[in-house]
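Take the two lone chains and join them into the complex the hints point to.
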Amino acid sequence: MKPFLRQFVAHRGAVVGLVLLLVVILVAAFASVWFAQSPWTMVGQPLLKPFESGEFPLGTDMLGRDIGAGLAYGARVSLLIGVTSTLVAVCLGVLIGAVAGYKGGAIDDLLMRFTEFFQTIPQFAMALVLVAIFTPSIYSIVGAITIVSWPPVARLVRSEFLSLKQREFVQAAVVIGQRPMRIVFTQILPNAMSPIIVTASLMTATAILTESSLSFLGLGDRNLMSWGYMIGAARTMLREAAWMSLMPGLAILVTVLAINLIGEGLNDALNPQLRKRGD
Amino acid sequence: MKFLSLLVFRLGKAVSVVLGVVVVNFLLIRLAPGDPASIMAGEAGATDAEYVNRLREQFGLDLPLIQQLLIYIKNVLQFDLGFSYRNRLPVIDLILERLPATLLLMASAFVFSLVLGVLAGVFASRSRYENRHKWVDSAVMSGALLFYATPQFWLALMAIIFFSLTLGWLPAYGMESIGAGLTGWNMVVDVAAHLVLPTVSLGCFFVAVYARLTRASMLEVMGMDFVKTARAKGVPSGQVIRRHVLRNALMPVVTFAGIQLGQMAGGAVLAETVFGWPGIGRLMFDSLSQRDYQLLLGIFLVTSTMVVTFNLLTDLLYRFIDPRVDQGATP
Chain A
1 MKPFLRQFVA HRGAVVGLVL LLVVILVAAF ASVWFAQSPW TMVGQPLLKP FESGEFPLGT
61 DMLGRDIGAG LAYGARVSLL IGVTSTLVAV CLGVLIGAVA GYKGGAIDDL LMRFTEFFQT
121 IPQFAMALVL VAIFTPSIYS IVGAITIVSW PPVARLVRSE FLSLKQREFV QAAVVIGQRP
181 MRIVFTQILP NAMSPIIVTA SLMTATAILT ESSLSFLGLG DRNLMSWGYM IGAARTMLRE
241 AAWMSLMPGL AILVTVLAIN LIGEGLNDAL NPQLRKRGD
Chain B
280 MKFLSLLVFR LGKAVSVVLG VVVVNFLLIR LAPGDPASIM AGEAGATDAE YVNRLREQFG
340 LDLPLIQQLL IYIKNVLQFD LGFSYRNRLP VIDLILERLP ATLLLMASAF VFSLVLGVLA
400 GVFASRSRYE NRHKWVDSAV MSGALLFYAT PQFWLALMAI IFFSLTLGWL PAYGMESIGA
460 GLTGWNMVVD VAAHLVLPTV SLGCFFVAVY ARLTRASMLE VMGMDFVKTA RAKGVPSGQV
520 IRRHVLRNAL MPVVTFAGIQ LGQMAGGAVL AETVFGWPGI GRLMFDSLSQ RDYQLLLGIF
580 LVTSTMVVTF NLLTDLLYRF IDPRVDQGAT P
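Here the protein sequences come in this chain order: A and B. Per the working numbering, residue 1 is the first one in the first sequence, and the count goes up by one each step. Per the working numbering, residue 280 is the first one in the second sequence, and the count goes up by one each step.
For reference, chain B alone in the conformation it holds in the complex (with noise of 0.2 Å):
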C-alpha cells in the first residue's frame, strides 16, 4: 500500500515535469525571435501575405496565448509535435526513426562508465584501506581528475585521429559500413565496432565520476563498526570488500546513475556528431543548423521524457534494493 502510494506520488512528479517542458517549448516558440507564421511561412517557401495569414489561423495563432498552450498541450498529448518542412516528415516520425540509435549508445556508455568506474572506484580505495599498492588510488584519483577536465568532443576528436586516422583499427564514422549489406552475425560485429569509440569517449567523463563517488563512498563504509566487526572475526579482506563493503557502498551510486542520465543525454549529441551517429543527438545538431526549430524542440520533449522516465525507474529500483529508503530521506 505504501509502495502504491508512492508510486502515485513520483509519477505524478514525472508527469508534472513533463508537462513543464511542454509549457517552457511553448514559451520558446513564443518568445523566439519572429513572428512563427512567417517563419513556417518561410520554411515552406511562400512569402506572401495571405499565405502567412491562412497558416496563422490554420494554426490558430491568432487566438489567446492561454487556449493557444492548451492546443498544444492537447497535440502533443496525441504525439503530434509538428512538422518539419526541412526534412518533409512530421517530427514524432523523424524521432522515432533514430531513437534507437541514440538508445544504444547510451545504454552502452552507460553499462561502460558504471562498471568501469565502480571496478576503478573499488581498487582505488581498497588500496588506500589496506595501506597496499598505494599508487593504484593515486592512478585512479589522478586519471578522474584529468577526464573530469577533458572536453568530450576534444577526446572524441583525439580517438578518431589515434584509433581511427592513424592506426586504423576502428571506424570513425556512422553506426555501419556503407555498401557492405552484412546480416546476422557479421552485422552485429559490424556496428560494435563502430559503438566503440562513441561509448568511450561519451563514457570517459562518468567513469571519472562514478570512481570518485564509488570511491568516497566505499570509504566511508570501510570506517563503519560493521565493517571492522568482519575484519576482526576473521572474514578474508576479499570476500569484506565484496559482500560487506560494496553492496552499502553502490547505493549513493545507483541514486547518482539516475541522475547523471540527464548528462550524458546532452553529452550524446556531441559524441553522435562528431562521430555521425545517427541518433538524436546528431538530429538535434542538424536541427541547429537548419534552423529547424519544431524538430529541435520536439527533440528536447522527448529527450527531457527519456530522462524523466530513467530518474522514475531508479528511483524504484533503488527502492526495491534497499527497503530501509522511505520516501522523507530521498536526497
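Just chain A, same shape as in the assembly (with noise of 0.2 Å):
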C-alpha cells in the first residue's frame, strides 16, 4: 500500500482534489448542523446581495430563501447521487462485461452489442427522456444516469477479462478444479480492479454533471435542494441578480475538478505502466 500512497501523493493536484473533496463532504455532512431551516424555507429579505447582511453572507434569492443553505444542502444531493449511480452502474457494467469476457463465443457477441446500442445513442437525451416519463425524482434520476453510464465500464471489465483469463495463473485455478465463480471473483476480478476504479472515479464526476443538467431543465427531485435546481431558478433573474446563478456553479465545478483530479491521481498510482504517455 506504501508505493501507493507515495506515487498519489506525488501528484500534487491529487492532493488539492483530495483536501476540495473533504471540504465539499464537511459542508454537506454539517449542513442541517449549520442550517436548521430547510434550503426552501423563507428566512430573509428576498434578493439579499452577498455579504450585503451578516446574516446571509451569500445572499438570498428571489423568495428569501438563503443560498447557503441551499448550496450545503445542494452538496448532499449531487455527492448523494454521483455515488449511487456510479456504485449501480459500475456493479451492472462488471456484471455483463464479466459474463461477455468471460464465456466469450455468441454470449460475448450479444452482450456486445447490446453494450455498443447504449453507447451509440445520444446519452444526455436518454437520460433526459428517461427522467422525464418516469417522472423525475431521485428514483428516476439514478436510474436514468446508471443506464446511460455503465457501457464504459463494461467493455473495460470484458477486455481485462479476455486478457486475464489467458494467464497461467487463472489456467492453474480451472486446472485444479475452481468453479467459474470462484475463479471470476477470487482470482480475476481483483486484478482487474484498478481500472475500474479509476473509471468509476470519473464516472462520479459525470454523474454529477448529468444531474446538475438534468435539475437545471427542471427535471430534479422535487423535494431535494440541487445547484442544478437553483441555477436554473436563477436564470430568470439574470438580468436583477447576476449573482444569484454564480456560487452554485462554482460549487459543481470546484466538486466535479476536485475528483477529476483524484481520478488521474489514483491512474498515475495504480496505473504506473501508462505514466510515460505524459497525462
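Don't take each hint at face value.
Only some residues are given here: those of chain A computed to face chain B with a beta carbon under 10 Å [what the hints assert, rightly or not]:
{"hint": "1", "residue": "128"}
{"hint": "2", "residue": "175"}
{"hint": "3", "residue": "213"}
{"hint": "4", "residue": "218"}
{"hint": "5", "residue": "245"}
The set of hints was computed from the structure by calculation and includes no laboratory data. Where a beta carbon is used, it is the ideal one built from N, C-alpha and C, also for glycine.
Below, the structure is given as C-alpha cells:
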C-alpha cells in the first residue's frame, strides 16, 4: 500500500483534489447543523446581495431563501446521486463485462451489441427522456444516469477478462477445479480492480454534471434542493441578480474538478505503466 | 469488394441501432405511468369514456403488444411519428421545421471545438517535446482540466452576463434580431453574431476533450522512430510536427470526434434552452415542460438517427483517410 500512497501524494493535483472534496463532504455532512432551516423556507428579505447582510453572507434568492443553505444541502444531493449512480453502474458494468469476457462466443457477441447500442445513442437525451417519462424523483434520476453510464465499464471489464483469463494463474485455478464463480471473484476480478476504480472515479464526476444538467432543466427531485435547480431558478433573474447563479455553478465546478483530479492521481498511482504517455 | 461488404456491414449495424431506439421508444410509451389513451384524450381536452375507447381502438391500443409494436415500426418507417396535440401539428413537421437551426449550431460548435482543440493540443505537445516555453503546455492542460469540469449551462449563463448584459457585445437570445427584417449579407452577419455565444458555450467542453486527446496522441507519435529519423536528417522542426507527427496523430481524434457527436447532441438541448435557439433541443425542452411525450420521443428518435448517421460517415471517412485500418482493428 505504501508505494501507492507515495505515487498518489506525488501527484500534487490529486492532493489538492482530495482536500477540495473533503471540504465538500464536510459541508454536506454538517449542512443540517449549520442550517437548521430547510433550504426551501423563506428566511429573510428576498434578493439580498452577497455580504449585504451578516446573517446571509451568500445572499438570498427571489423568494428569500438562503443561498448558503441551498449550497450546503445541494452538496448532499450531488454527492449522493453521483456516488449511488456510479456504484450501481459499476456493478452492472462489471456483471455484463465479466459474463461477456469470461464466456466469450455468442453470449459475448450479444452482450457487446447491447453495450454498443447504449454507447451509440445520445446519452444525455436518453437520460432526459427516461427521467421525464418516469417522473422526476431521486430514483428515476439515479436509474437514468446508471443506464447511460455503465457501457464503458462493461467494455473495460470485458477486455481485462479476455486478457486475464489467458494468464497462467487463472489456468491453474481452472486445472485444480475451482468453480467459475470462484475464479471470477477471487482470481480475475481483484486483478482488474485498478482500471475499474479509475473509471469509477471519473464516472462520478460525469454523473454529478449530468444530475445538475437535469435539475437545471427542471427534471430534479422536487423535494431536494440541488445546485442545478438553483442555477435554473437564477436564470429567470439574470438581469436583476446575476450573482445568484454564480455560487452554485462554482460549487459544481469545484466538486467535479476535485473528483477529476483525484481520478488522475489514482490513474498515475494504480497504472504506473501508463505514466510515460505524459497525461 | 472489401469496402462494399464493409459498407453493408456498417449500414446494417446503424439500422439496427435506429431500430433499437424505435423499440425503446415504444416500450417507454407503454411503460409511462397512465393509460396512453386517456393521456391522449386529456391532451385533446376530452374526458368522456366513449371518446377514450374510440381513441384506444383508433390507435390499436386494444391489440396484442407485439402487433402494436409492428404498427408503430410501420408508422415510423413512413415518417409518421405521431401527433402533437399541444402544437396541433404532426411531430415530424415540428421537428423538420426546427432541424436546420440545430444542424447549424452543431456544425459550428463541432468545427470550433475541433479546430481550437487540435491547435491547443499541437502547441502543448510541441512545447513539451521541444522543452521550450513549457508554460504553453501547463496553460493548455490547466485550461482543459477547468473546462472539463465546468457545467456547460452555467458557462452559457456566465457568458450571457459578461458579453451580453455587461459589455453588450453579443446578442443573448434567439437566432436573429426580431423584426429587423434583414436580408442578404446583413442577415448572415446577424445570425453569425447570434451564433457566437451558443457555439462557444456548447463547444468549450469538447475543446478540452480534443486538446487532451491530440496532445496525448502527438506525444505518442513523437516518440516513434520515424520522427527521430526525420529530425536526424535535419527536417525543420515545424515541418516534422506538421507533416510527420500531426498526420499520424490525428487518426484517433477523428474516430473520437464521431463518437463525441452523441454527447454534443445532448449538450445542444442545454445550449438551445439557455440561448433560446430555435432548434430541436429547445423543442425538446418545451415538450418536457408541456409533457408532450409523443414529441419528446420523436425528437429522441431523430437525434439518435442523426448521431448514428454521423458515426457511420466518420467511420467510412476514417477508412478512406487511413487504408491500413481494417474491420477487426476498430475500437
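We went through each hint and held it up to the structure:
1. The restraint placing residue 128 of chain A at the interface with chain B holds, with a minimum CB-CB distance near 7 Å, inside the 10 Å limit.
2. This hint is violated: residue 175 of chain A has a C-beta 31 Å from the nearest C-beta of chain B, more than the 10 Å allowed.
3. For residue 213 of chain A, the interface hint holds, the least distance from its beta-carbon to any beta-carbon of chain B being 6 Å, beneath 10 Å.
4. A cut of 10 Å between beta carbons decides the hint on residue 218 of chain A: the least distance to chain B is about 7 Å, and the hint holds.
5. A cut of 10 Å between beta carbons decides the hint on residue 245 of chain A: the least distance to chain B is about 5 Å, and the hint holds.
Going down the numbered hints, you'll see the structure goes against just number 2.
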